[in-house]
Amino acid sequence: MADITVRLRRLSHSIERLMAIAGTPSVAIGVMTKDNPIFYDNHGFRDVEKKLAVTEDTIFPICSLTKAITAAGLGLLVEEDRVSWDSLIKDILPDFRSVSPVLHNNTTMMDILRHRTGMG
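Numbered per full-length UniProt numbering, the sequence shown spans residues 1 to 120.
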């Protein structure tokens with residue numbers, strides 16, 4: 001593990017440069033293994049005016065990025081052949097419930113990602 005953390009630490013200067021170019025006030029990076037965090041790297045301020053530094057506990061308002069992050073994570077599962085885009089949600093998430101039996105029995109991962117289920 002030490003090798004990967006050393007390599008990740010070397011990216012710190014590049015991250016700072018990218019932040020300056022983009023005008024990004026803060027970045028927090030965390031890398032996890034299956035069970036444990038192995039690396040944290042925090043840059044900038046969570047509150048620029050008060051000069052409050054970013055920490056591992058900083059909560060970022062990522063808004064609609066959760067959709068892209070979820071899609072990317074599901075893409076990794078598809079790539080690993082653990083699920084397919086046409087996998088039924090009820091098979092992946094046994095607790096999935098819908099008021100409509102048609103939705104419950106037929107909704108796929110792709111349906112959810114495309115926002116075509118009518119569920120809010």
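Derived from the structure by calculation, the hints contain no laboratory data. Mixed in with the good hints, there may be bad ones.
[As the list claims (entries may be wrong)] Okay, the calculated beta carbon distance ranges per label pair:
| id | residue 1 | residue 2 | range |
| --- | --- | --- | --- |
| 1 | L52 | G73 | 26 to 32 angstroms |
| 2 | F60 | S98 | 30 to 36 angstroms |
| 3 | E49 | T5 | 29 to 35 angstroms |
| 4 | D95 | G118 | 16 to 22 angstroms |
| 5 | S100 | E56 | 37 to 43 angstroms |
[Claimed, not checked] With a cut-off of at most 20 angstroms between alpha-carbon atoms, the simulated EDC-like pairs for lysine to aspartate or glutamate come out as follows:
| id | residue 1 | residue 2 |
| --- | --- | --- |
| 6 | K90 | D41 |
| 7 | K51 | E80 |
| 8 | K90 | D111 |
| 9 | K34 | E80 |
Predicted model only: the values in this text are computed from it and were never measured. Each residue gets a CB set at the ideal place from its N, CA and C atoms; glycine is no exception.
* Regarding the pair K90 and D111, is the alpha-carbon distance no greater than 20 angstroms? -> 12 angstroms, holds
* Asked: L52 and G73, beta-carbon distance inside 26 to 32 angstroms?
  -> 30 angstroms, holds
* Should the hint that S100 and E56 are 37 to 43 angstroms apart at their CB atoms be regarded as holding? -> At 41 angstroms between Cβs, range holds.
* May I ask you to test the hint 30 to 36 angstroms on the CB atoms belonging to F60 and S98? => Taking Cβ atoms as reference, F60 and S98 lie about 31 angstroms apart, which means the hint holds.
* Are the Cα positions of K51 and E80 separated by 20 angstroms at most? -> Distance ~43 angstroms between K51 and E80 Cα, so the pair is violated.
* **Given pair status - D41, K90, alpha carbons within 20 angstroms** => Violated: K90 and D41 sit about 37 angstroms apart, past 20 angstroms.
* How does the Cβ-Cβ distance of D95 and G118 compare with 16 to 22 angstroms: does it lie in that range? -> For G118 against D95, whose Cβ atoms are near 20 angstroms apart, the range 16 to 22 angstroms holds.
* **Status of the given 29 to 35 angstroms range, CB of T5 versus CB of E49** => 32 angstroms, holds
* Asked: Taking only the CA atoms, is the gap from K34 to E80 under or equal to 20 angstroms?
  -> 16 angstroms, holds
Checked against the numbered hints given earlier, the structure breaks hints 6, 7 and satisfies all the rest.
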